[in-house]
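Number of protein chains: 2
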Amino acid sequence: MADYRAPREDMQFVLQDVFQVDQDWARFSRLADLDMDTAAAIIDEGAKLAETLIAPNCRAADEEGVQFSEGRVTTPSGYRENFKQLAAGGWVGVTANPEFGGMGLPKSISAQYEEILCAADISFSLYSGLTAGAIMTLDQHGSDELKDIYLPKMIAGEWTGSMCLTEAHAGTDLGMIRTKAVPADDGSYQISGTKIFITGGEHDLVDNIVHLVLAKLPDAPAGSKGISLFLVPKFLVNEDGSPGERNQVFCGAIEHKMGIHASATCVMNFDGAKGWLIGEPHRGLPAMFTMMNYERLGVGIQGLGAAARSYQTALEYAQDRLQGRGARDTRAADKEADPLIVHGDVRRMLLTMKAFVEGGRAFSTYVGKQLDISKFSDNDAERERAQALVDLLTPVAKAFLTDTGFEATVLGQQILGGHGYVREWGQEQLVRDCRIAQIYEGTNGIQALDLLGRKVGGSRGKLLEPLLEDIAALTAQPAAGFENELARLDEATKLLERVTGMVLRQAAEDENIINSVAVEYLHLVGYVCFAYVWLRMAITAEDKISERPYLASKVKTARFYMARLLPRIQSLAAAIEDGSQSLYQHEPDEF
Amino acid sequence: MADYRAPREDMQFVLQDVFQVDQDWARFSRLADLDMDTAAAIIDEGAKLAETLIAPNCRAADEEGVQFSEGRVTTPSGYRENFKQLAAGGWVGVTANPEFGGMGLPKSISAQYEEILCAADISFSLYSGLTAGAIMTLDQHGSDELKDIYLPKMIAGEWTGSMCLTEAHAGTDLGMIRTKAVPADDGSYQISGTKIFITGGEHDLVDNIVHLVLAKLPDAPAGSKGISLFLVPKFLVNEDGSPGERNQVFCGAIEHKMGIHASATCVMNFDGAKGWLIGEPHRGLPAMFTMMNYERLGVGIQGLGAAARSYQTALEYAQDRLQGRGARDTRAADKEADPLIVHGDVRRMLLTMKAFVEGGRAFSTYVGKQLDISKFSDNDAERERAQALVDLLTPVAKAFLTDTGFEATVLGQQILGGHGYVREWGQEQLVRDCRIAQIYEGTNGIQALDLLGRKVGGSRGKLLEPLLEDIAALTAQPAAGFENELARLDEATKLLERVTGMVLRQAAEDENIINSVAVEYLHLVGYVCFAYVWLRMAITAEDKISERPYLASKVKTARFYMARLLPRIQSLAAAIEDGSQSLYQHEPDEF
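Those sequence lines, one after another, are chains E and B.
The first sequence begins at 1 in full-length UniProt numbering and counts up one residue at a time.
The second sequence begins at 1 in full-length UniProt numbering and counts up one residue at a time.
Bear in mind the hints are in silico, worked out from the structure with no lab data behind them.
You may find that some hints are simply not true.
Copies of the same chain look alike in the list, so a pair counts if it fits in one copy or across any two.
[What the hints assert, rightly or not] Using 30 Å as the maximum straight-line C-alpha spacing, the simulated DSSO-like pairs for lysine-lysine come out as follows:
#, residue 1, residue 2
1, K225, K462
2, K494, K48
3, K84, K274
4, K335, K375
5, K375, K180
6, K494, K84
7, K375, K274
Could you put the whole structure together from the sequences, leaning on the hints where they help?
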């Protein structure tokens, strides 16, 4: 595995030059102290930690994996020490509420840190990632008492969190869960049931684990409207805040998986464990989804991080490895063969990866910027508009960043040929680790259904408007040299509008159409969004090439993206236009 | 992992009803004894072996893997016994020369058996697969003496074969190999050098391993025209044909890989090992490629087999697993939720898999039929035409069957959600095992270069003609109810012709264009070929639905393929039309 180097320059270009997030911060009272120099210094600190400690341990941690014995989970060598460093740097609470010790930083910054951490080691990133999600849920929905007891410890990284949703028979369909919560006399609840696929449900990194658990109260209505959320600590907390008596929640087994071998995926048995209600009875699912929606960008960034790491290794290999001969004018006559990078197909693979990685970084920063506006702005209208963009783009970020991330890691493996298939180089690990991000936190199919059914369909297309406005603002502005590319973006946007209208009209008569075309629709939106951020980057870069010559690459990659990848929307549109028809001919026994 | 059941009915439909291979056999003197009943019985025998012994062991064999210690390789439990059964059934020599004990069966049959074996366990299939390749090379290019000594044992599966090509610095670019062959006084050669990525280079299944090794003679011209082929046995053979003295060839290590854990991928050290020349000096590469070209269809079939297995498990899961609610008229009101198969997106994934699997089966049979005609026909013109189709379609079969196979296994994993990511269900193993087939025996990028550069470009497009004729014969024939689909195929074929003309014209001026668009071009050809075989199947099936009602599914899946998957060619054509331009803007330091 090549050494990992965090893309500090590109991150700063995207944050400052393209999206000018520092101008947002200056306007927001709670971020007024933050400037770009501070942000760059913060990112640099995280980058050093990732480059020197976490990334070098990633390959060995995959081989060692997590071990399970008699209810205990042992993480790979180095994980405990590295987690302490991460916690000491304040990274677990990077976006968390300063009232409880969090850094309170905006998502546009934490998105960069998350990419770096995921590029370094996705498995490792999950222990703090899930904790951050639990912190957020508790902060938004928990009682003051619960927050006072748990938040400072979790934000400091002394305790971690887990999110316990899935049961063996209930994954996507949480309405069917059977875990029970029975009220006790002291205001607490006794939680009983079995949860599966619980990331970080048990491990040896810290002294206590705070489980957020979905369960049903005795009087719960059936289905998803009868689910409540509970806090269940591994160890009950003493008066002085130290971990005390062991609670009746135990890890029964860990899963053996395709990848993220160093992340503990646990079966968790709750056997009358003591828990406390978070928020209102029967309102657990909306509470959990506040967090899920915020975190879904983070899962998308796992795909981005894996792709970014894979690209670095593939590029280094393509520049070093001598194999075959290129065209006459690129030949290294003094060598036995030319480096791989002279070959058209290798360039195609590298540029596809580069377009997805840098496009993904810009897109996740764009979404992060909207999350920040919706959270920090003092202006209602601005907040509302940003929230609409967040609602629309969250499923796109989760699914499109992981689907393109997976494609990129597969290409990064292909460039290394047989060396990409052996474990030593780490490229195949990135494929395996990235793959889960397309599945968990709501499969990418579910994200697509959320986008087209709930968001676009639910708003009768209105939720698309802020995105279309942002794109129109770009295509309306003259930009010499980009006329062709802007025209292509304009055409692509019109295609999206046309297809959206068609689907919404048909949906009135065809109950199956949304779920039949949702995945292609999400990809269509994703390719249009990437075209938008690529052209914003290219137009911004063009003006600055004289000061920063390396930005010439941005313009070239943007042209590659528009010419070579954006045309994928044609096939997507054709598939969408077929509707549900070709999917519903087969009887169940005709498959 | 669901139980595997070989698709006997579909295989017979494709062989007999669609491609009428039995009518070919009747015309060929060397196959005149073969009829469809015999063929069906043969396939059934292979199917039983795969279903009862090999497939049930596949998951455990992946977990156990091959072990290496002090030069010895131990295969997983069950492999020795199962290999003996395979050999006893005559399966190692299924297509081999009857003069030396082979069954001499046509490729159209062995393609079915290979799919079944790969669906059962790709790792296991490789030990006999590589042996079959070595048998073929030796039979075509070896001296009578070498053939007499080695072929009967190899064909009987008493000894296996390996193909030793790659060296650490020379993969795709074999011209750079450094392994040396020095003539000895007795007519043999001393072989010295190190080979890597040698499948089945060492193992414990049989008593002797026959390595076919590429090496350079002292007077060899530089590059790929100076490579000779040698036979190097693990044990020298005694006068009585038994294995004797240990030869100086040893396994130095095995690779730790993403998948095919039960296949030994060896570093082989030749330290003055005794070997014998096969064929002419310096003509080793063409000799090896006779075999490689024949075997590349077999590698394509690995992708097909993995996809077929994945489909069976995904379908079973989608029919059993209750999750969420479908449209009103598909609801199972008596159950807590509906089976996954009611959901449009699940149907999309299943049908995409089904279209690739059954389309792939028909396509590989079509190519197998051409291989048989080119080998067995007594008519020169017919043989020549079939050989042209084989030359054209071999790289397509290798790359397109593995690329679509990989896509299918990834979908088969996605349908199972989190259960697809844990190892227990076997879906993730199929993704890992299938992935190598896109890389080895010439990466899929190299296949694309072979197709567009050597085959289509080298013939100035002439090699496409027999395929276009076959398609035209189909689209010209009236077929009531398929007018739309035939028109789509006709349009797709015209698109292929247009794009081909454009690339060939530009290639005269642009040395980079072939390698810049080759992969998209191969996919374009692949989608057109699948459309052709799907419509042949549909039109054939339509006439027989009254006798065999299950064939209605063929017509429906064909319509799905034409409506939903064939449109992918639009994006491929757009990418091809961009040429090399957008790939050659970046300087090497601008990536």
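Identical-chain pair category, K84 with K274, by Cα at 30 Å:
Result: close within a single copy only, 28 Å intra versus 58 Å inter.
Alpha-carbon proximity context of K494 and K84, limit 30 Å
neither (51 Å within a copy, 63 Å between copies)
Is the C-alpha distance from K494 to K48 at most 30 Å within one copy, between copies, in both cases, or in neither?
Answer is neither; intra-copy 44 Å and inter-copy 56 Å both fail.
30 Å Cα threshold - placement of K180 relative to K375:
neither (34 Å within a copy, 69 Å between copies)
Which holds for K225 with K462 at a C-alpha limit of 30 Å: within a copy, between copies, both or neither?
within (27 Å within a copy, 66 Å between copies)
With 30 Å as the alpha-carbon cut-off, assign the pair K335 and K375 to within, between, both or neither.
neither (57 Å within a copy, 42 Å between copies)
Copy assignment of K375 with K274, given that the CA separation must stay at most 30 Å:
neither (33 Å within a copy, 75 Å between copies)
When held up to the earlier numbered hints, the structure conflicts with 2, 4, 5, 6, 7 and fits the remainder.
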